[in-house]
Amino acid sequence: MQAALCDLKVGQGGTVVSVNANADILRRLLDIGIVSGTRVHCVLKSPLGDPSAFLIRGAVVALRNEDSVNITVDADFPLAVVKENGSYGAVGRHKSRRS
Amino acid sequence: MGLTVQSVGIKAAEADIKEKIPKGAKVIALAGNPNVGKSTLFNKLTGLKQHTGNWPGKTVTNAVGEYKNKENHFAFVDIPGTYSLIAHSAEEEVARDFLVFGEPDLAVVVCDATCLERNLNLVLQVSEICPKVVVCVNLLDEAAKKGIFVDLELLSKNLGLPVVGTSAQKGAGLDNLIEVISKTESGDFLASKRVKVDYPEVMEKAISELEAKLNSISSFFNNRWIAIRLLENDIAFITKLESHFGFCLKENPELLKTLEKVKKELLEAKIDESAFKKYLVSGLVLTAEAICDEKTVKFKNSDYKRRDLKIDKFVTGRVTGPICMLMLLAVIFWITISAANYPSALLWEFFSFLEAKLFEFSVSLGIPTVLADMLFHGVLRVLLWVVSVMLPPMAIFFPMFTLLEDFGYLPRIAFNLDRGFKGCSACGKQALTMCMGFGCNAAGITGCRIIDSRRERLIAIITNSFVPCNGRFPTLIAIITMFFISSGASGFVSALILTAVILLGIGTTFLVSKILALTLLKGAPSSFTLELPPYRKPQIGSVIVRSIFDRTVFVLLRAMSVAAPAGLVIWLLANLKINDLSLLSYISEFLDPFGRAIGMDGVILLGFILGFPANEIVIPIIIMAYVGGGTLTEYSSLFELKNLLISNGWTVTTAICVIVFSLMHWPCSTTVLTAKKETGSLYWSFITFITPTICGILLCFIINNLSKLF
Chain A
20 MQAALCDLKV GQGGTVVSVN ANADILRRLL DIGIVSGTRV HCVLKSPLGD
70 PSAFLIRGAV VALRNEDSVN ITVDADFPLA VVKENGSYGA VGRHKSRRS
Chain B
-13 MGLTVQSVGI KAAEADIKEK IPKGAKVIAL AGNPNVGKST LFNKLTGLKQ
37 HTGNWPGKTV TNAVGEYKNK ENHFAFVDIP GTYSLIAHSA EEEVARDFLV
87 FGEPDLAVVV CDATCLERNL NLVLQVSEIC PKVVVCVNLL DEAAKKGIFV
137 DLELLSKNLG LPVVGTSAQK GAGLDNLIEV ISKTESGDFL ASKRVKVDYP
187 EVMEKAISEL EAKLNSISSF FNNRWIAIRL LENDIAFITK LESHFGFCLK
237 ENPELLKTLE KVKKELLEAK IDESAFKKYL VSGLVLTAEA ICDEKTVKFK
287 NSDYKRRDLK IDKFVTGRVT GPICMLMLLA VIFWITISAA NYPSALLWEF
337 FSFLEAKLFE FSVSLGIPTV LADMLFHGVL RVLLWVVSVM LPPMAIFFPM
387 FTLLEDFGYL PRIAFNLDRG FKGCSACGKQ ALTMCMGFGC NAAGITGCRI
437 IDSRRERLIA IITNSFVPCN GRFPTLIAII TMFFISSGAS GFVSALILTA
487 VILLGIGTTF LVSKILALTL LKGAPSSFTL ELPPYRKPQI GSVIVRSIFD
537 RTVFVLLRAM SVAAPAGLVI WLLANLKIND LSLLSYISEF LDPFGRAIGM
587 DGVILLGFIL GFPANEIVIP IIIMAYVGGG TLTEYSSLFE LKNLLISNGW
637 TVTTAICVIV FSLMHWPCST TVLTAKKETG SLYWSFITFI TPTICGILLC
687 FIINNLSKLF
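Line order of the protein sequences matches chains A and B. Residue numbers for the first sequence follow the numbering used here, beginning at 20 and rising by one. Residue numbers for the second sequence follow the numbering used here, beginning at -13 and rising by one.
Hint data in this document are derived by calculation from the structure and do not stem from the laboratory. One should not assume that every hint holds.
To be verified - In silico EDC-like links for lysine to aspartate or glutamate, alpha-carbon gap of 20 Å or less:
1) Lys408/B <-> Glu85/A
2) Lys12/B <-> Glu128/B
3) Lys508/B <-> Glu85/A
4) Lys250/B <-> Glu228/B
5) Lys243/B <-> Asp279/B
6) Lys264/B <-> Glu128/B
7) Lys264/B <-> Asp86/A
8) Lys191/B <-> Glu240/B
9) Lys247/B <-> Glu335/B
10) Lys263/B <-> Asp86/A
11) Lys6/B <-> Asp91/B
12) Lys263/B <-> Asp43/A
13) Lys264/B <-> Asp43/A
14) Lys182/B <-> Glu197/B
15) Lys408/B <-> Asp93/A
16) Lys236/B <-> Glu259/B
17) Lys236/B <-> Glu197/B
18) Lys286/B <-> Glu128/B
19) Lys284/B <-> Glu52/B
20) Lys143/B <-> Glu197/B
21) Lys408/B <-> Asp86/A
22) Lys226/B <-> Glu114/B
23) Lys250/B <-> Glu165/B
24) Lys243/B <-> Glu275/B
25) Lys191/B <-> Asp258/B
26) Lys508/B <-> Asp43/A
27) Lys226/B <-> Glu237/B
With these hints in hand, go ahead and build the complete structure from the sequences.
And the structure:
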């Protein structure tokens, strides 16, 4: 299931498929180790839902939604995780941002 | 709150870093990702007290320290943490420029064992530039606790570089590090087996061709690396390179021809500049991934983030996060106020006694009364007030704040508040510089280097002084205690009022950031990545020693050095008379109408003006001026002080206006000078000066007029 990185719910993981951003942001994302094939996990959402924090190569890194929306991930099947953290997840909150 | 001599600018000029390197010492650069414990390692190696803290971007300037034993003489240079050598922000530029142009004899790349793979990205980049590199895998103890084990020998074999494991906080592995540095420096470990980053074949070909061309022109420090930068078209860097080597690439037609030729070939292979960049970094990332295979780094406990995650869920929760921030702020103030109250009173009593005795004694020695009066009731009194009022709260506030900082809570504040800052087109890291402002606004402004975008950095610099520095805390606390707390009430109410004042400052920070972003500093918010470091157990003993001896004493000395001459000036103003009226009354009468318009009076305004060198002395100046007026002669407690103020016409409105004006007026001279240094522009330093001034005057004017309605 392909999704934007910002749409991952807390506790949900995925594998990066592609990174689509301008050179500046791209460089930053690549610096923290986001390339195609990288495993990412959404671990936190800030109180207002943006930014979110992701576990990337052993480090927890916060990204704003408008940056992470450009990262396409192949999301893991989320059901079990959503149940556990459902109260925390921000389901579909950023959909409008992408249109 | 990196409040040390270095960060306030006395030694901060990194331009002349070379002058600070002792003669005959080998220069060893300490590089590494942000927040991997470089500064801790640096301090342990050199015995210096570079300030450390658990958040990325703590070190923003280069620092030099010496290490000497029988065989070795090293000068260690602690450079700011950086993820990569392609600079995005000012502090990363400092790091890269030192590695490239500072020509260190050897570079030590410090890595975090808990996320080694990401750290290798920088190791690979440094090893592309520097001929002699030692990899130091730090935080081994922390990694072991989390069930992460690094096979150092295998890592060394995979990298083709010497690798040393350390736990710098405990001092483990440091002797070994020195030994390996010494061996590598003298050439025992050669670069021949070094791992090479894999780039696509077309790129490799282009790089080699350009490198060969560069070789035929001249031998710069590392032609392959320069070739890559040329192909990547890193204009800012190329310009710097040209000025450093005094060599203009554009004036070499042969080089340009080759460059254009290989670029064309790359384009034919569908690799444009942006794709080239992408391959460069993914090459690094994938090589790092290959080096960190499961044999090299073993995870015994796959759930190692669980404890941190639990804390994080709480401190960044939708409901618990904001509550947690407010509670922490209030509790810290509460402890500071209630614990500082008693020692402050005691010190003041003791000092008053001392002052009186000294005065008597010197008069009995035959020193003229006028001179003794000037020395003891002028200079000494202001000095002692500053010490007795500032020392206790600082000695309590600083260690507590440092504990939070060491624990790793500050980046979580930035995480929580980023949405708000984004709404103001600013950067969430501004929350970190705001926190540093609590210690000292000048340090906060230097800290703004962690913000990448110039626009957002300027916003953070201009709004920094809306957070009261510790020089203004005692003023706030004293006035709150005098005017808003009935004599029996606990310090908790004061703490709550103080918290509200701070929130007013933070609210103004947001508002002014937004206004700046809509007017002087238009633009869209830039990208934002912030690492949330693992929580670390603070070293309580060293925190207390460090914050008292480094920060408290330093700040106190600075305040005292300003307080003494200010005391003299105010005494002279109060005692030099023209036509039976003191100079002081002339000045304060002149300022009076303006002061009254904003709810204060001429004396208070004069206090703020004379407090320009250091905000700590505002209240003592006001008191001296009132006492000099001759209404009261002695006062020994806050409540007698209150009576003095009331007899000089203070009301609750005056108190509120003084609190607001203390929160928002011109930043102190050190802060303005730091802003000048950081922005490099008179215009922006003026904006930094005038913005809080306008806010304070406006707000006080409004409060004053509103109060007249009731």
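| query | If you draw a straight line from the CA of Lys236/B to the CA of Glu197/B, is it 20 Å or shorter? | reply | Status holds; Cα separation ~16 Å.
| Given hint Glu128/B paired with Lys286/B - CA-CA distance at most 20 Å | holds (14 Å)
| query | Are Lys263/B and Asp86/A close enough, with their CA atoms no more than 20 Å apart? | reply | Distance of about 18 Å is within 20 Å: holds.
| task | Please work out if Lys284/B and Glu52/B have their alpha carbons no farther apart than 20 Å. | result | Answer violated: Lys284/B to Glu52/B is near 36 Å, above 20 Å.
| request: Starting from Lys226/B, check that the Cα of Glu114/B is at most 20 Å away, please. | output: Holds - the C-alpha atoms of Glu114/B and Lys226/B are around 19 Å apart, at most 20 Å.
| task | Would you check the hint for Lys243/B and Glu275/B, treating anything up to 20 Å between C-alpha atoms as holding? | result | Violated: Lys243/B and Glu275/B sit about 36 Å apart, past 20 Å.
| Given the hint that Lys408/B pairs with Glu85/A, does the C-alpha gap stay at or below 20 Å? | Since the Cα atoms of Lys408/B and Glu85/A sit roughly 11 Å apart, the hinted pair holds (cutoff 20 Å).
| task | For the pair we were handed, Lys250/B and Glu228/B, check the Cα-Cα distance against 20 Å. | result | violated (24 Å)
| request: Compare the distance between the alpha carbons of Lys143/B and Glu197/B with 20 Å, and conclude whether the hinted pair is satisfied. | output: Violated. Lys143/B to Glu197/B sits at ~27 Å, over the 20 Å cutoff.
| Is the hinted pair Lys263/B and Asp43/A satisfied, with a Cα-Cα distance of at most 20 Å? | holds (10 Å)
| Between Lys12/B and Glu128/B, does the CA-CA distance stay at or below 20 Å? | violated (31 Å)
| Does Asp93/A lie within 20 Å of Lys408/B when you go C-alpha to C-alpha? | Measuring from Cα to Cα gives roughly 28 Å; hence the hint is violated.
Hints 2, 4, 5, 6, 9, 15, 19, 20, 23 and 24 from the list above are not met by this structure, while the remaining hints are.
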